[in-house]
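Chemist: The lines below spell out each chain.
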Amino acid sequence: MAQVLLSPLSWGLGHATRDIPIIRTLLDHHHDVTIAACGDALSVLKSEFPECSFIEFPDYPPPYSTSRFFIPKFIASLPRMQRALADERRNLQRILEKNRYDLIISDNRVGVYSLKIPTLFVTHQIHYHFPLMFWPIEISAIYANWYLFHNFDRVIVPDNPPGVTSLAGKLSRPVAGLTDKKVFFCGILSSTPKTDSEQDLDFLVMISGPEPQRTRLEEILTPMLSDLDGSTIALLGSPQKTLTRSVSDRCTIISYATMQEKVRLMNRAKCVICRSGYTSMMELAELNKRHGLFIPTPGQTEQEYLSNYYEKMGWFYSKSQYHLDLAHDIPRAMTYKGFPSMPKTRENVERLYHELLAQYLD
Amino acid sequence: MDDMVAQGIGAIILIYGSLIVIFLAVLSFIIHFWRALVSGDTGFILWWGAIILISVSLYAGCGLLLRKFGKI
Chain Z
1 MAQVLLSPLS WGLGHATRDI PIIRTLLDHH HDVTIAACGD ALSVLKSEFP
51 ECSFIEFPDY PPPYSTSRFF IPKFIASLPR MQRALADERR NLQRILEKNR
101 YDLIISDNRV GVYSLKIPTL FVTHQIHYHF PLMFWPIEIS AIYANWYLFH
151 NFDRVIVPDN PPGVTSLAGK LSRPVAGLTD KKVFFCGILS STPKTDSEQD
201 LDFLVMISGP EPQRTRLEEI LTPMLSDLDG STIALLGSPQ KTLTRSVSDR
251 CTIISYATMQ EKVRLMNRAK CVICRSGYTS MMELAELNKR HGLFIPTPGQ
301 TEQEYLSNYY EKMGWFYSKS QYHLDLAHDI PRAMTYKGFP SMPKTRENVE
351 RLYHELLAQY LD
Chain B
1 MDDMVAQGIG AIILIYGSLI VIFLAVLSFI IHFWRALVSG DTGFILWWGA
51 IILISVSLYA GCGLLLRKFG KI
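Top to bottom, those sequences are chains Z and B. Counting from 1, one number per residue, gives the positions in the first sequence under our numbering. Counting from 1, one number per residue, gives the positions in the second sequence under our numbering.
To be clear, the hints were calculated from the coordinates, so they are not data collected in a lab. Please read all numbers here as calculations on a predicted model, not as lab measurements. Please note that the accuracy of each hint is not assured.
Claimed, not checked - In silico SDA-like pairs for lysine to any residue, Cα to Cα no more than 25 Å straight-line:
id: 1; chain 1: Z; residue 1: K262; chain 2: Z; residue 2: P212
id: 2; chain 1: B; residue 1: K68; chain 2: Z; residue 2: P136
id: 3; chain 1: Z; residue 1: K170; chain 2: B; residue 2: C62
id: 4; chain 1: Z; residue 1: K73; chain 2: Z; residue 2: T215
id: 5; chain 1: Z; residue 1: K312; chain 2: B; residue 2: K68
id: 6; chain 1: B; residue 1: K71; chain 2: Z; residue 2: T301
id: 7; chain 1: Z; residue 1: K73; chain 2: B; residue 2: G63
id: 8; chain 1: B; residue 1: K71; chain 2: Z; residue 2: I137
id: 9; chain 1: B; residue 1: K71; chain 2: Z; residue 2: G299
id: 10; chain 1: B; residue 1: K71; chain 2: Z; residue 2: V175
id: 11; chain 1: B; residue 1: K68; chain 2: Z; residue 2: M313
id: 12; chain 1: Z; residue 1: K312; chain 2: B; residue 2: R67
Construct all of the structure, not just a fragment, from the sequences and the given hints.
Modeler: Next up, the structure:
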């Protein structure tokens, strides 16, 4: 029985939820897992795995912007992030002095690694996407990532290998001779299991993601919900409120749903309207959803890239929140074919354990 | 100081330093260009105008080619 320290980034819940299958597999194989996280990510994992040990471990301030201009805000926040990184390194040192671990798994926390203990890094972004005018930054970022990876023994990519079923497209495509040496493609990882429930909900609208853009999308989408022709449930992703109200006899707004409720609703939905965050995409792929409309978070280049990529592949339709018109966009979204079939989480996580994790644990 | 922290500080100095140098270069060029416009120095305007045009075209062309061939 080995001791594993797992630390997800807490910018939204995506990192924490995609680690759930990994944690579950480690527990199933009788290993002890300590989760070091903060904020909502820590709360979700605490409620999911009461048998694990937990450490409050702050990470970096999210550089999200109220406007479309992510890059200037990100550059301006670098000193603050640097200070957070220094704190993270110091705190990790303290954690490692107090306890003995056989393996560290860091989900997108670049400072969580040890030169003495095997460390695995989880990310779906080996290659960052920038607007075309910033192409030298995009190329520099490939080399920066390659340099960053030298702190980690292996890099786990929750995506299928490059090819026609790759869910992250170029984001997860390694560069030959550089970032490809350490990469392990484990396939999609989702904590949303497919159930046999009947698909009796026409539309599920999930308004999620970091503030203040979450509230902005809520303001844009709420007045349009009555345009949807069918039964509709909108999840606002606001844990602070406990509100359920009916907009019409066919449309209900719920301010917050637990993970179990969300899984139930996603399974029931015929069409999902949501942000194009990568974790949501893995959930839709896991559930074999065929219809959806994606609304990328403005300024988040990753979501903007995924939206364009899926549209180009003919999988899903996307629309900017500034030009959204559900009455016109939904019929168009229905003409797309959805993600191709691919191996699911259960199979992927078992392969990940036996082909990679086990060699550090047994 | 931890290696990574030192590298992070180095990276920030490099990024901010480059931005300051780029800003000063652009500012200085705008001032020179404006002076040339006011004084009617057409030689300067044509020479530097052509250099800017060629540089921007090469920059955009490289970006487009890299994207077309899937490098970025």
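Chemist: Hints first: check each against the structure and report whether it holds.
Modeler: Okay, the hints, checked on the actual structure:
1. Distance hint between K262 of chain Z and P212 of chain Z is fulfilled; the C-alpha atoms sit about 22 Å from each other, no more than 25 Å.
2. For the given pair, K68 of chain B sits about 15 Å from P136 of chain Z by alpha-carbon distance, which is consistent with the 25 Å threshold.
3. Between K170 of chain Z and C62 of chain B the alpha-carbon distance is near 18 Å, which keeps this suggested pair within the 25 Å criterion.
4. Distance check on the hinted pair: K73 of chain Z and T215 of chain Z sit about 19 Å apart at the alpha-carbon level, within 25 Å; holds.
5. Pair hint K312 of chain Z plus K68 of chain B holds up; C-alpha atoms about 14 Å apart against a cutoff of 25 Å.
6. The straight-line distance between the Cα atoms of K71 of chain B and T301 of chain Z is roughly 17 Å, inside the 25 Å bound, and the hint therefore holds.
7. At roughly 23 Å between alpha-carbon atoms, K73 of chain Z and G63 of chain B fall within 25 Å of each other, so this suggested pair holds.
8. This hinted pair checks out: K71 of chain B and I137 of chain Z have alpha carbons roughly 13 Å apart, not beyond 25 Å.
9. Between K71 of chain B and G299 of chain Z the CA atoms are separated by roughly 22 Å; this keeps the pair inside 25 Å, and the hint holds.
10. Distance check on the hinted pair: K71 of chain B and V175 of chain Z sit about 9 Å apart at the alpha-carbon level, within 25 Å; holds.
11. For a cut-off of 25 Å, the pair hint linking K68 of chain B to M313 of chain Z stands: about 16 Å separates their Cα positions.
12. For the hint pairing K312 of chain Z with R67 of chain B, the CA-to-CA distance comes to about 14 Å; that is within 25 Å, so the pair holds.
Checked against the numbered hints given earlier, this structure breaks none of them.
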